[in-house]
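Take the sequences, apply the hints, and build the full model.
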Amino acid sequence: MKTLYIVRHAKSSWKYDSVADIDRPLKERGINDAHLLSKYLAKEIKRPDVFISSSANRALHTAVIFCENFSYPLSNLQIKRQLYSFSDGYLVKTVKALDDSFDSAIIFSHDHGINSFVNKFGSKPIAHVSTCGVIGIQFKDKHWKNIKKGITTLVEFPKNHR
Numbered sequence: 008m009k010t011l012y013i014v015r016h017a018k019s020s021w022k023y024d025s026v027a028d029i030d031r032p033l034k035e036r037g038i039n040d041a042h043l044l045s046k047y048l049a050k051e052i053k054r055p056d057v058f059i060s061s062s063a064n065r066a067l068h069t070a071v072i073f074c075e076n077f078s079y080p081l082s083n084l085q086i087k088r089q090l091y092s093f094s095d096g097y098l099v100k101t102v103k104a105l106d107d108s109f110d111s112a113i114i115f116s117h118d119h120g121i122n123s124f125v126n127k128f129g130s131k132p133i134a135h136v137s138t139c140g141v142i143g144i145q146f147k148d149k150h151w152k153n154i155k156k157g158i159t160t161l162v163e164f165p166k167n168h169r
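If you're matching positions, the sequence shown starts at 8 in the numbering used here and goes up one per residue.
FYI, nobody ran anything at the bench for these hints, they're computed from the structure. Glycine is no exception: its CB is placed at the ideal position from the N, C-alpha and C atoms. Keep in mind that the hints are not guaranteed to be accurate.
Claimed, not checked - Ranges between beta-carbon positions, derived for each pair: (1) P32 to K166: 17 to 23 Å; (2) V26 to N153: 37 to 43 Å; (3) V26 to H150: 37 to 43 Å.
Claimed, not checked - Restricting the straight-line Cα-Cα distance to at most 20 Å, the calculated cross-link-like pairs of lysine-lysine (PhoX-like) are: (4) K152 to K127; (5) K18 to K166; (6) K100 to K156; (7) K155 to K127; (8) K127 to K100; (9) K166 to K34; (10) K103 to K149; (11) K50 to K166; (12) K46 to K18; (13) K152 to K87; (14) K46 to K34; (15) K22 to K34; (16) K147 to K53; (17) K127 to K103; (18) K46 to K166; (19) K149 to K100; (20) K103 to K87; (21) K53 to K149; (22) K156 to K131; (23) K147 to K100; (24) K103 to K155; (25) K127 to K156; (26) K100 to K155; (27) K147 to K131; (28) K100 to K87.
Laid out in structure tokens, this is it:
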């Protein structure tokens, strides 16, 4: 059995016009939400075996906060530029390429790709994954490359914990 947690990056700032999209930082609210949700989840779920993040600043900063609250070594955080994508294609490829020695994974990515992914692979329709939203999907497969349709086991949004 494989368990996947997908995290949409926390709320980012549009304050700086000259900053490229990939470099946009988190807003204070985003930082607070990432701490709030990751502290809650660290008590509720077993720490995932591997943490993987988009290289975008906002996703990476969210991942670093989750690593801190899950006591996951930053040196083991995997960063994938391909996850800075607005389709689910690279997300699917990343998940299906996971090493089978990992029974669970947590991936930090972006809006459109996440919404498509959780609705394609999960069992519960989700209209919109909000910033810092976390969706858990469990698969009965032994190999990541074989995942098809799983069971949505977790749907958490920061607004439910404020």
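Whether the CB-CB distance between V26 and N153 falls inside 37 to 43 Å: The hinted range 37 to 43 Å holds for V26 and N153, with Cβ atoms some 40 Å apart.
Hinted pair K147 and K100, Cα distance within 20 Å: 18 Å, holds
Distance restraint between K166 and K34, which requires alpha-carbon spacing of 20 Å or less: 16 Å, holds
Restraint status (C-alpha distance of K149 to K100 at most 20 Å): 17 Å, holds
Verdict for P32, K166 (Cβ pair) under range 17 to 23 Å: 21 Å, holds
Given hint K149 paired with K103 - CA-CA distance at most 20 Å: Holds. K103 to K149 sits at ~12 Å (cutoff 20 Å).
20 Å limit on alpha-carbon distance, applied to hinted pair K50 and K166: This hinted pair holds, its Cα atoms lying about 18 Å apart.
Satisfaction of hint between K34 and K46, Cα-Cα up to 20 Å: Since the Cα atoms of K46 and K34 sit roughly 18 Å apart, the hinted pair holds (cutoff 20 Å).
Pair hint K22 and K34, alpha-carbon separation not exceeding 20 Å: 9 Å, holds
Restraint check for K155 with K127, where alpha carbons must lie at most 20 Å apart: Since the Cα atoms of K155 and K127 sit roughly 9 Å apart, the hinted pair holds (cutoff 20 Å).
20 Å Cα cutoff - pair K152, K87: 18 Å, holds
Pairwise hint evaluation, K156 against K100, where the allowed Cα distance is 20 Å at most: 15 Å, holds
In this structure, every one of the numbered hints holds.
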